[in-house]
Structures are given as structure tokens and as C-alpha cells.
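A.B. asks: Quick mapping for you: the protein sequence lines, in order, are chains A and B. Take 1 as the starting number for the first sequence in the numbering used here and just add one per residue. Take 1 as the starting number for the second sequence in the numbering used here and just add one per residue.
Quick caveat, the hints were computed from the structure, so don't treat them as lab data. Here a beta-carbon is modelled for each residue, glycine too, at the ideal position from N, C-alpha and C. Be aware that one or more of the hints could be misleading.
[What the hints assert, rightly or not] Quick list of simulated restraints, FRET-style, between CB atoms:
{"hint": "1", "chain 1": "B", "residue 1": "32", "chain 2": "A", "residue 2": "162", "range": "38 to 48 Å"}
{"hint": "2", "chain 1": "B", "residue 1": "265", "chain 2": "A", "residue 2": "213", "range": "26 to 36 Å"}
{"hint": "3", "chain 1": "B", "residue 1": "13", "chain 2": "A", "residue 2": "42", "range": "41 to 51 Å"}
{"hint": "4", "chain 1": "A", "residue 1": "187", "chain 2": "B", "residue 2": "165", "range": "47 to 57 Å"}
{"hint": "5", "chain 1": "A", "residue 1": "3", "chain 2": "B", "residue 2": "98", "range": "25 to 35 Å"}
[As the list claims (entries may be wrong)] Just a sample of chain A residues kept apart from chain B, beta carbon distances all over 10 Å, derived:
{"hint": "6", "residue": "63"}
{"hint": "7", "residue": "88"}
{"hint": "8", "residue": "190"}
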Amino acid sequence: MAEIKVKNLHKEFGVGDDRVVALENVNLDIEGHVFVSIVGPSGCGKSTLLNILSGIETASSGTVDITQDSHDANPGYVFQAARLLPWRSVMENLMFVQKERDDEARARCQRYLDMVQLGDKGDKFPGELSGGMQQRVGIARAFSIEPDVLFMDEPFSHLDAITARSLRRELHEMWKQTKKTVLFVTHDVGEAVELSNRILVFAKGGKLEDDITVDLPFPRDPSDDAVAVAKAQVLRKFEELDLLAT
Amino acid sequence: MTAAAMDSRPRVPFYRRPVAARILMPIAVIVVWYLVYWTLGSRIFEPPHRVFEFMWNELTLETRLRNGKGPSNLYQMFGLTVVRLFAGFAIAMVVGTVIGLAMGLSKSVNAFFHDWVMAVLAMPALVWALFLGLVFGPQGNQAPIYACILAGIPFVIINVREGVRNTPKELFDMARAFGVPQNKITRNVLLPSLMPFLFAAVRYAFSVGWKGLVIAEVFASDSGMGWAIKFWYDAHQTRGVIGYALFFVAFALALEKLLFEPLAEKAFKWRPRVGDVGVVEEQFLLDQTVEGALEVEQFTGGESDG
Ligand SMILES: Nc1ncnc2c1ncn2[C@@H]1O[C@H](COP(=O)(O)OP(=O)(O)O)[C@@H](O)[C@H]1O
Ligand SMILES: [Mg+2]
Chain A
1 MAEIKVKNLH KEFGVGDDRV VALENVNLDI EGHVFVSIVG PSGCGKSTLL NILSGIETAS
61 SGTVDITQDS HDANPGYVFQ AARLLPWRSV MENLMFVQKE RDDEARARCQ RYLDMVQLGD
121 KGDKFPGELS GGMQQRVGIA RAFSIEPDVL FMDEPFSHLD AITARSLRRE LHEMWKQTKK
181 TVLFVTHDVG EAVELSNRIL VFAKGGKLED DITVDLPFPR DPSDDAVAVA KAQVLRKFEE
241 LDLLAT
Chain B
1 MTAAAMDSRP RVPFYRRPVA ARILMPIAVI VVWYLVYWTL GSRIFEPPHR VFEFMWNELT
61 LETRLRNGKG PSNLYQMFGL TVVRLFAGFA IAMVVGTVIG LAMGLSKSVN AFFHDWVMAV
121 LAMPALVWAL FLGLVFGPQG NQAPIYACIL AGIPFVIINV REGVRNTPKE LFDMARAFGV
181 PQNKITRNVL LPSLMPFLFA AVRYAFSVGW KGLVIAEVFA SDSGMGWAIK FWYDAHQTRG
241 VIGYALFFVA FALALEKLLF EPLAEKAFKW RPRVGDVGVV EEQFLLDQTV EGALEVEQFT
301 GGESDG
């Protein structure tokens with residue numbers, strides 16, 4: 001079972017007048033197969049947190065500790081833009097992140113392409129696919145390394161509402177089947193309530209302001225009363241923290 | 001109903017297809033050429049059939065250039081020029097890539113070289129030719145090779161520098177987040193992202209270097225294709241000047257069709273539309289500008305995230 005421990009995490013960019021505090025004294029403890037959403041206004045350090053957790057950025061101070069079932073496992077990452085290699089086929093994009101280039105890896109990649117309904121698109125180049133399909137490839141890539149921990153940074157925000165909705169359903173299904181620990185950044189409170197067990201609310205200046213548990217059964221229909229109530233609760237929290245204005 | 005009527009595809013008549021226009025062009029040129037020849041009535045300006053006859057005689061070694069003990073036929077001249085071209089091209093590529101990489105990676109190195117690259121670029125090839133002729137004399141290969149290097153190297157430097165500056169950071173970050181080893185990142189991210197820029201550099205170094213080289217052969221050499229053009233010029237033989245100029249163009253076209261186009265096709269298969277490739281695709285015979293070299297399109301994997 002995966003566990004993420006963050007202690008006194010601090011991150012700033014630049015020096016002097018350009019100094020920006022992206023994360024301030026963040027403490028976190030995430031354990032087990034949970035779906036955690038991170039919400040907050042733009043510029044509050046959400047991406048920076050994922051980047052530090054995934055090793056793209058280094059912390060200014062504090063510690064980050066990720067324990068996984070297999071100790072050499074690597075977390076998966078789904079980005080806002082799909083970030084595929086445009087000069088490699090869809091299949092090669094998935095193979096690019098595999099540890100081994102063997103038949104087993106190839107079969108696994110094919111399985112996850114099937115799961116995002118792109119099983120027949122392995123030979124295509126990313127430029128030949130629509131934005132929604134490219135994002136699906138990005139999701140398949142992250143799942144294909146079968147990580148215990150999955151980071152997702154506003155993966156649906158570039159997509160149209162209908163595509164985003166169907167991908168949310170797919171993602172929920174995949175999460176249910178594979179039972180990963182997911183850290184999911186979004187600025188869409190409805191999306192957070194629909195998908196997560198837990199919602200972390202960040203405020204400007206990179207402060208973790210609130211930690212809300214959403215205890216509703218899945219699947220959650222956004223038009224369902226209980227879901228609407230939970231969403232209203234989170235939004236009220238935003239109002240209290242004065243986050244809506246920013 | 002006839003078979004033709006059953007074929008429902010709209011058929012574009014031959015004369016309206018682009019290929020017809022393409023064939024029409026050389027015919028039009030030859031017609032105009034004859035018209036000018038007849039109206040001019042000049043004995044110096046020669047008609048197409050004499051030029052083609054001359055070229056045929058060159059190809060079959062009927063005529064000889066009088067060049068003392070030096071090379072005296074088309075193939076020897078051509079061989080010399082091609083050897084010089086490849087030497088100059090290779091040196092321009094290697095030195096230009098090193099300087100371009102350094103300029104792309106370091107602001108100080110960029111500041112150090114920048115004005116000099118622009119100065120070399122601003123200097124007409126003719127001035128290099130005259131200057132190099134004075135320095136090295138007409139014998140040997142030095143003047144033409146240096147002219148080829150000086151003409152081509154600014155384009156190599158600028159393209160490589162832009163390539164380094166445009167490496168897709170978000171793809172490197174992605175690879176790092178997935179824990180992909182560095183050598184795999186180099187092969188699958190860095191090199192492919194540099195490819196269009198290196199390809200543009202190769203094309204420019206060849207096409208611009210080739211022109212610089214021939215100018216140097218005209219003014220500062222006693223051998224080669226450029227020298228042959230000058231030889232026929234001194235002999236007041238229009239057919240020789242035009243004939244050798246056509247050999248020159250034929251070589252450039254052959255290189256474009258047989259080497260660069262197939263290579264580009266293979267290397268950039270992943271691009272959605274071939275027509276998009278801009279600078280990389282079709283510049284071999286066009287006049288080159290700095291802006292041209294800088295037009296190399298960006299092709300990063302996607303918008304950067306917020
Ligand atoms: N590489 C960087 N250099 C300088 N400042 C940065 C960098 N990355 C992020 N920042 C700053 O850190 C803050 C948090 O950014 P980010 O984590 O991207 O916010 P979010 O994802 O919540 O919108 C912002 O003020 C942003 O301008
Ligand atoms: Mg962000």
C-alpha cells in the first residue's frame with residue numbers, strides 16, 4: 001500500500017524582488033487507495049507540489065517521502081497538455097516510459113490502450129489524434145507503468161465538457177479497478193467532489209488551508225442531491241477562505 | 001450508359017492540373033528564349049538548341065577546355081567542385097554545430113559570437129571570393145573551400161542555436177517524472193527535437209555554401225565549375241556560360257530531389273502535414289535570408305502547463 005508523507009515542505013522561486021513563495025509549510029499524510037483532489041486558485045502551488053513529489057522540482061526545505069509496494073516503482077504522471085513525443089507512435093510513447101522493452105511491456109501497453117479505447121491507434125502519431133484522444137494516451141501511459149501512485153495535473157481542463165465528462169467516468173472506472181493512490185489537481189470543485197474521497201484546499205501563497213473528507217458512495221452523479229450538497233459545502237469553504245475572489 | 005459516364009468521380013482535365021502548369025513552364029521559357037533570339041538577331045546570344053548541343057558535347061567529351069596542364073573536361077571540373085563542396089560543407093557543419101550549441105547553451109558565448117556571425121552573414125560572397133583570392137592565390141583548393149565555409153557557416157550556427165533554444169522542456173520534465181534514464185531521453189527527446197534544425201542547417205550549408213564556392217571559383221581559382229563558366233565568358237561563348245550554369249542548376253535539383261526530399265520524407269513522417277514543414281522543405285534553390293533561417297518552426301510537444 002502506498003503512502004505519501006510530506007513534512008514542513010517549503011518552496012520558493014527566484015531571489016530578491018522576484019522571490020515567489022509557491023508552497024509554505026505544507027504537511028500531508030496520504031495513505032492507501034484514496035483519490036485525493038487538490039483544489040485552489042491559480043498560482044497557489046498545486047503544480048509545484050506535484051512536481052516536487054514527482055521529482056521534476058526540488059524542495060527549498062522540508063521532506064517528502066513516498067513509500068510504495070515495490071520499492072523501485074515510479075509514480076505515473078498525467079499532465080494538463082498530454083506531453084507526448086510527437087515523433088513517436090502512440091505505442092512507442094507508452095514504451096518510452098517502460099523499464100524493459102520486452103513482450104510483456106508491450107502487452108501491458110496494449111492492454112491500457114484498449115482500456116482507454118485506443119487499442120487500434122497504436123501505430124498512429126500523436127498529431128493524427130484529437131486532443132481528447134491524446135489526453136487518453138497520456139492517461140494510458142501513466143497507468144501502463146502500473147504505479148502505486150498517480151499524479152494528475154488538471155488533465156481535463158483543456159478538453160470540451162463532453163469529452164471531459166466521459167474521460168472522468170473512464171478514469172473513475174480505472175481507479176476502481178486498479179486501486180491506486182491518486183493525487184488529482186483541479187480548479188473544478190464539481191469535478192473534485194465527483195471523483196474524490198478527500199479534497200485538499202490550497203490558498204494563495206501555497207498554504208494548505210483545509211482537508212475535507214467526502215464520504216459518499218460511488219458512482220456519483222453531479223445532478224444527485226447529495227453530490228450537489230457536498231459541492232456547495234466545499235464552495236462555502238472557499239467563500240470563508242476568501243478564495244473565490246482570486 | 002457508357003463506362004465513362006458510370007465513373008462518377010469528377011475528372012479534372014489534364015490542362016487544369018498543376019502538373020500541366022509545371023510542364024508548361026520550361027516550354028514557355030524555351031519559346032521566349034527563341035523569340036528573344038530572333039528579335040535580338042545577336043550572334044552572341046545563342047538559341048536553346050546550340051546550348052543543348054554544347055552541353056551534349058561536354059557530356060560526351062567532344063570539346064575540351066584549354067587549361068594548360070590542369071583539369072580539362074566537365075567531369076574533372078565537376079569532381080573538383082564537388083570535393084571542395086563536401087569539404088567545405090563538412091567543416092561548416094562541424095564548426096557551426098559546436099559554435100551553435102555553445103551559443104544556445106550560454107548567454108555569454110552567444111554575446112561573444114553574435115555580432116561576428118551577423119557580420120559574416122552580411123558580407124557578400126563576392127567579397128569573400130576576392131579577398132580569399134588575394135590571400136591564397138588562384139592555385140589549389142583553399143580559396144573555394146574557405147568561401148564555401150564562410151557562406152554556409154552562419155546558417156548552421158543560427159539553426160543549431162535556435163534548435164537548442166527550442167528544446168521542449170516540458171517533454172524533458174515528463175521523461176524525468178517517469179524516471180526515464182538519460183541516454184534514452186537523449187535518443188528519444190533531445191535528438192528528434194533537434195532534427196528539423198539540423199536538417200535545415202544541412203540544407204543551408206549545402207545550398208548557400210555551393211553558391212559561395214562557385215563564386216570563389218569564378219574569381220579566385222584556376223579550376224572547377226565556376227572557373228569553367230568564367231572560361232567560356234572570357235571566350236565570349238554564351239553557350240558555354242549558359243550550359244555550365246544549367247549543369248550547376250541540374251546538380252542542385254538532383255541533390256534536392258534525390259537526397260534532401262527523400263531524407264525529409266523519412267525523418268519527418270510524424271508531422272501531420274508535409275506541407276507544414278516550412279523552411280526545412282523547399283528552400284534549396286531559393287535565395288536565403290537570415291529571416292529564412294530563423295523561420296524554422298517550433299514543434300514542441302504541447303502548450304506548457306500553468
Ligand atoms: N519555474 C518557476 N519559476 C518561477 N516561478 C514559478 C515557477 N513555477 C511556478 N512558479 C510560481 O509559483 C507559484 C505557484 O505556481 P504553480 O504551482 O504553477 O500554481 P498552480 O498550479 O496552483 O496554478 C506561482 O506564483 C508561479 O508563478
Ligand atoms: Mg498548475
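A.B. asks: Tell me if the beta carbons of residue 3 of chain A and residue 98 of chain B are separated by a distance inside 25 to 35 Å.
C.D. replies: Hint violated: Cβ distance 49 Å, outside 25 to 35 Å.
A.B. asks: A range of 47 to 57 Å was offered for this pair. Does it hold for the Cβ distance of residue 187 of chain A and residue 165 of chain B?
C.D. replies: 31 Å Cβ-Cβ, so the 47 to 57 Å window is violated.
A.B. asks: If I take the minimum Cβ distance from residue 63 of chain A to any residue of chain B, is it greater than 10 Å?
C.D. replies: At about 19 Å from chain B, residue 63 of chain A clears the 10 Å cut-off, so the statement holds.
A.B. asks: Any Cβ of chain B at or closer than 10 Å to residue 190 of chain A, or is the non-interface label fine?
C.D. replies: Its Cβ never comes within 10 Å of chain B, the nearest being 19 Å, so this holds.
A.B. asks: Determine whether the Cβ-Cβ distance between residue 32 of chain B and residue 162 of chain A falls within the hinted range of 38 to 48 Å.
C.D. replies: violated (60 Å)
A.B. asks: Taking the beta carbons of residue 13 of chain B and residue 42 of chain A, is their distance inside 41 to 51 Å?
C.D. replies: Distance hint for residue 13 of chain B, residue 42 of chain A is violated at roughly 58 Å.
A.B. asks: Verify this label for me: residue 88 of chain A is non-interface relative to chain B, using a Cβ-Cβ cutoff of 10 Å.
C.D. replies: Its Cβ does come within 10 Å of chain B, the nearest being 7 Å, so this is violated.
A.B. asks: Determine whether the Cβ-Cβ distance between residue 265 of chain B and residue 213 of chain A falls within the hinted range of 26 to 36 Å.
C.D. replies: Given range 26 to 36 Å: violated, Cβ gap about 57 Å.
Of the hints listed earlier, those the structure fails to meet are numbers 1, 2, 3, 4, 5 and 7, in rising order.
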